[in-house]
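A.B. asks: Each chain, letter by letter, is given below.
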Amino acid sequence: MKHVLEVADVVKRYGSKTALDQVDVHVKEGSCFGLLGPNGAGKSTLMKLMTGILQADSGMIRAFGMDTRHQMSEIRQRVGYVPQEITLYEKLSAVQNLKFFGEMYGVNGAELKQRIAHVLEQVGLSDRANEAVETYSGGMKRRINLAAALLHQPQLIILDEPTVGIDPQSRNHIFEMIRGLKKEGLTLVYSTHYMEEVEALCDDIAIIDHGSVIAQGSLHEILEQHADQAVYVESDYITEPPQLSSIKRASARGRGWVLESEQPLHTLRDLSQLFAEAGARVHALELVKPSLDRVFLKLTGTALRD
Amino acid sequence: MIRSIFIKETQLLLKDKGTYFWLFVLPILFIVMFSSIFGNAGTTTYTIRYFDADGTKESRQFMDTLAQIKGFELAADNEKSLADQIQAVRDGKQTSLLVIPQGYSQRLLGKGAAEVELHRDAAEDAAAAPVAAVLDSVTKQYQEHKLRVALKGTGQSQTGIDALLTAPIQVKDIKENVAKANPVTQIVPGYTVMFVFFIMITMIHNFLRDRDSGMVSRLKGTPLKAHQYLIGMWLPNMMVVLVQSTVLLTFGFIVYGLHLGDLFAVAAVIISLSICATGIGLMLSVLVNSVNTGVAIVQIIAMGGAIVGGLWFPYELLPKAVQWIGLFTPQYWAQRGMQDVMIRGAHLDGVWMTILILLAFGLAGLAVATASFNRFAAKAKN
Chain D
1 MKHVLEVADV VKRYGSKTAL DQVDVHVKEG SCFGLLGPNG AGKSTLMKLM
51 TGILQADSGM IRAFGMDTRH QMSEIRQRVG YVPQEITLYE KLSAVQNLKF
101 FGEMYGVNGA ELKQRIAHVL EQVGLSDRAN EAVETYSGGM KRRINLAAAL
151 LHQPQLIILD EPTVGIDPQS RNHIFEMIRG LKKEGLTLVY STHYMEEVEA
201 LCDDIAIIDH GSVIAQGSLH EILEQHADQA VYVESDYITE PPQLSSIKRA
251 SARGRGWVLE SEQPLHTLRD LSQLFAEAGA RVHALELVKP SLDRVFLKLT
301 GTALRD
Chain E
1 MIRSIFIKET QLLLKDKGTY FWLFVLPILF IVMFSSIFGN AGTTTYTIRY
51 FDADGTKESR QFMDTLAQIK GFELAADNEK SLADQIQAVR DGKQTSLLVI
101 PQGYSQRLLG KGAAEVELHR DAAEDAAAAP VAAVLDSVTK QYQEHKLRVA
151 LKGTGQSQTG IDALLTAPIQ VKDIKENVAK ANPVTQIVPG YTVMFVFFIM
201 ITMIHNFLRD RDSGMVSRLK GTPLKAHQYL IGMWLPNMMV VLVQSTVLLT
251 FGFIVYGLHL GDLFAVAAVI ISLSICATGI GLMLSVLVNS VNTGVAIVQI
301 IAMGGAIVGG LWFPYELLPK AVQWIGLFTP QYWAQRGMQD VMIRGAHLDG
351 VWMTILILLA FGLAGLAVAT ASFNRFAAKA KN
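Chains D and E, in that order, are what the protein sequence lines are.
306 is the number that our numbering gives the last residue of the first sequence; the numbers go up by one with no jumps.
382 is the number that our numbering gives the last residue of the second sequence; the numbers go up by one with no jumps.
Some hints here could point you the wrong way.
As the list claims (entries may be wrong) - List time: in silico BS3-like cross-link candidates among lysine-lysine, alpha-carbon distance up to 27 angstroms:
(1) E:80 - E:57
(2) E:379 - D:113
(3) D:91 - E:146
(4) D:28 - D:183
(5) E:381 - E:15
(6) D:182 - D:28
(7) E:140 - D:91
(8) E:111 - E:70
(9) E:111 - E:140
(10) D:2 - D:113
(11) E:140 - E:57
(12) E:93 - E:80
(13) E:17 - D:17
(14) E:70 - E:93
(15) D:182 - D:113
(16) D:183 - D:113
(17) E:70 - D:91
(18) D:91 - E:17
(19) E:111 - E:57
(20) E:111 - E:146
(21) D:91 - E:379
(22) D:91 - D:113
(23) D:248 - D:17
(24) D:182 - D:2
(25) E:379 - D:17
(26) D:113 - E:225
(27) E:152 - E:57
Don't read these hints as lab results, they were simulated from the structure.
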């Protein structure tokens with residue numbers, strides 16, 4: 001499949017601090033690409049390099065086959081960027097803000113008016129369009145922040161943590177918008193430190209930590225490659241992890257144990273047999289669904305939200 | 001895109017109540033306040049406080065002579081004793097006291113010289129000086145009268161006496177521009193020029209707002225060019241200054257009868273002043289790191305320039321060294337340009353130097369702002 005965005009060997013430093021180190025990322029056309037990592041991992045820096053707001057110290061970024069170092073003007077017309085900060089003029093209404101951002105991308109007149117009406121409908125704020133943004137809730141501001149990046153009908157949308165600190169209603173609106181945009185064939189790059197958002201929205205993922213991509217691929221590929229299979233058991237019979245040859249590692253979770261195993265079905269069978277023979281009462285005995293949280297923990301030794 | 005930023009910035013300026021206060025309400029308050037205090041300086045009446053201890057026809061005649069002099073009025077406090085009134089002068093409670101002593105009439109009609117006493121507070125010499133001057137003038141009238149009587153006694157004709165008593169040198173007092181020059185022509189343009197420079201605070205606020213909110217970074221991700229952003233942000237402030245100057249001068253014209261002179265020339269001075277103030281404002285906006293620093297620098301420029309540029313006091317009354325420093329301030333040139341047109345009747349050809357100097361200040365500010373913009377943008381919140 002054709003790549004809309006290619007990031008190759010990109011290095012970015014702030015003084016002596018290396019924010020991104022030899023980063024390689026490839027985003028397929030029409031996909032939603034998730035950048036997952038904790039705060040300060042380098043996600044925002046990478047996004048700003050993609051949009052030309054920052055310049056890389058070395059490496060290459062190509063969007064739509066064009067080099068960002070030389071053809072940024074053409075690229076900007078095709079890219080919509082939603083920054084992490086809510087960058088709106090609070091004293092102006094949503095319509096005034098959207099008009100301003102639309103004109104920044106060269107959209108004017110009746111066409112802009114029509115597009116503003118459309119995006120306001122998409123974000124569910126048509127009824128408050130003429131009220132000052134300062135009267136909006138945080139979630140509503142985030143929705144307008146996103147809408148402002150859609151007015152010039154970009155082919156690639158880069159969203160930097162668009163759901164930080166918002167209410168469930170606004171989060172759902174944003175999720176629905178993203179699904180809708182993807183359905184329309186747009187390519188999206190979505191950064192977050194919420195694993196469940198990536199799992200819900202993204203086709204491909206890059207996990208970033210300390211400025212490096214530590215895993216990349218489809219959700220299935222990453223889980224297949226990095227997530228250990230495990231069994232969860234909860235029983236009054238065991239106060240310590242059971243000693244079975246099939247169990248590689250055990251860790252406590254809640255009132256039970258997560259038992260990592262290369263042969264989870266064998267482990268399940270052995271545990272069933274053990275509890276049956278002992279006549280023990282079992283509260284839970286199940287296969288653990290692999291998660292990005294566990295992948296991140298495995299790869300970095302820390303939890304994603306630490 | 002310049003138009004879009006211009007419209008957006010104008011909308012924000014119009015919604016900001018602080019703009020109206022700093023640029024319109026406060027200067028009008030200053031103009032009203034100072035015009036009320038100094039606006040009637042040309043028609044001040046001096047009060048001569050007196051004590052007539054003689055109480056004769058001759059002493060009353062002397063006081064009547066004084067009372068007829070324009071600009072002076074007489075005041076006697078009959079309830080207080082002479083000693084109390086002299087003590088009041090010593091205590092600084094009144095600036096002077098004219099005393100006609102007992103025996104004045106006798107001496108005047110006799111051979112000796114009659115005396116009147118002027119008690120005055122040495123610390124308030126300037127305030128008592130006009131009273132001393134008018135007394136001197138009145139005593140000279142008495143002297144002239146005495147000479148006339150003496151000369152007439154020697155058989156001189158009236159024409160001969162007039163010729164003899166005419167001073168060999170006559171000072172012809174011709175007040176140029178008297179019809180136009182008054183405290184209002186100092187106060188209204190002075191405070192207009194001073195408050196024009198406060199637009200720089202608004203500019204600094206708005207630039208740092210964009211820098212620190214992430215707006216500058218976001219706009220870097222759009223096709224907008226740096227020069228378009230700068231021009232779009234600059235022009236609305238220039239427009240505000242033009243409106244501000246027009247409002248303040250119109251206020252002076254309507255309320256205080258300010259003589260505006262050649263409107264075309266005044267407009268040229270105002271336009272160049274607006275380019276000057278907003279050009280320097282643009283430079284400060286991209287150079288300063290915080291609003292507090294910016295406001296402090298603007299206060300120094302606006303207040304310092306107002307003092308040495310002759311906006312608060314007529315430039316001619318300032319010490320020579322201060323006058324010399326004032327020449328390097330845009331405020332001096334702006335005030336001079338306005339007064340050249342309003343008081344001295346200058347037209348465009350008479351204020352070209354002012355216009356050139358103000359434009360030079362403004363263009364230098366714009367050039368520095370343009371050169372420093374990348375540094376400003378690099379500091380923008382990401």
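A.B. asks: Quick check: which numbered hints come out false for this structure?
C.D. replies: 2, 3, 7, 8, 10, 13, 17, 23
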